[in-house]
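The working numbering puts the first residue of the sequence shown at 703, with every later residue one more than the last.
Incorrect hints may appear among the rest.
Within a straight-line C-alpha distance of at most 30 Å, the following computed BS3-like cross-link-like pairs (lysine-lysine) qualify [unchecked claim]:
#1 806 to 759
#2 933 to 807
#3 832 to 933
#4 759 to 743
#5 911 to 759
#6 911 to 807
#7 806 to 928
#8 890 to 933
#9 890 to 832
#10 807 to 832
#11 719 to 1017
#12 762 to 827
#13 877 to 808
#14 806 to 911
#15 933 to 958
#16 827 to 739
#17 958 to 1017
#18 803 to 827
#19 719 to 759
#20 890 to 803
#21 1041 to 958
#22 928 to 739
#23 827 to 806
#24 758 to 743
#25 827 to 807
#26 759 to 716
#27 808 to 911
#28 762 to 719
Bear in mind the hints are in silico, worked out from the structure with no lab data behind them. All values derive from a computational prediction rather than experimental measurement.
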Amino acid sequence: MTCCDYDDPARLNKFTKQYLILNGNELQAYRYFDEYKNDIKELFACDHDLMSRVDKKAHKLLINDMSHKLCMHVRRGDFLGTGLLESQEDFVLTSIDYVTKYLKKKQLANNVSVVFIGDDLAFMKNVSNKLNMISFIREDMTRGEDLCFGIHYCDSLIISAAGSTFAWWIGYLKKSNGPVFYNSQITKPSGDFNLYMSKKIFDYEGFPKEWIRLALNNNSIVVDSKWFYEKLGRKINISDPIFGHALLRRVKEPIKPGQTLIVQGYTCYESRRFTINFHKKSADFIGDDLPLHISVRFDELEIVFNSLLSDQWGKEERKKSPFFPGDNFDIRIRAHDHKFE
């Protein structure tokens, strides 16, 4: 189970063990819990003392402003050193202009003011000074107060750094039914091949369909109408889980030291992983030792190498994978004495 794609938990029902250990990380596909959204909102309700502090600070910040509150969430800080795209001035300014016009055109607001929420005060002040509209900058709140302020005071929201899970939860939990907009560019252009690539590949699992994707195109904001897989011209059935199918091939004779086995094929865009196993015997491929096990994992952006001998896995090795879903692949495995490469 991986970060950003949905793996139907119902398939675990076939296991009868009392306890199961699931390997995975953040499990950020919202379909895992979306049917319980109302219950989640109740569970995450801000308590009385916290909201009392938030209300006091909000009143001090907003004074008597009665306009529609368009919240701009800014995330820079730690994103500057990762493959995730941080909030950038050109997107922030142009998206505020676009969304303000959108809200008025859709008759969702007559007067709009901007409230900045985020982790880079200097950046927010600099951008705010370039706006020709009323804006507020939240300065003295804790992260909990930030979250509750966003949930209760944001009428609409722009997530300028789409990799921010904090901003995502503000959008998901906010009280107002006003629209949520987000930057469709999740990763840096020069950093597509990094451990955050799965956030981009499985964007359709990470963001509710009613949220509006925005893209910066030639210094203008446009609505990005396509998910990442659609931009590649692929099709995917996101209502069904994706399972692999085994393809078994026998080699006419054992692979000897000095020989090279060439494995070629094509992976569909919906693929999560594919595996190459060398079996010690070739009777039914069940219960065999595996002198070589290769797992190409698109969801982890790694290739895992291991062996299974006498029902015991060895020490796995991992390397960065050059493959992506939809690729043709050409893998060459050379046999040596007591090892493969």
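Worksheet item: Which numbered conditions among the earlier hints are violated in the structure presented, ordered from lowest to highest?
Response: 3, 5, 15, 16, 19, 26, 28
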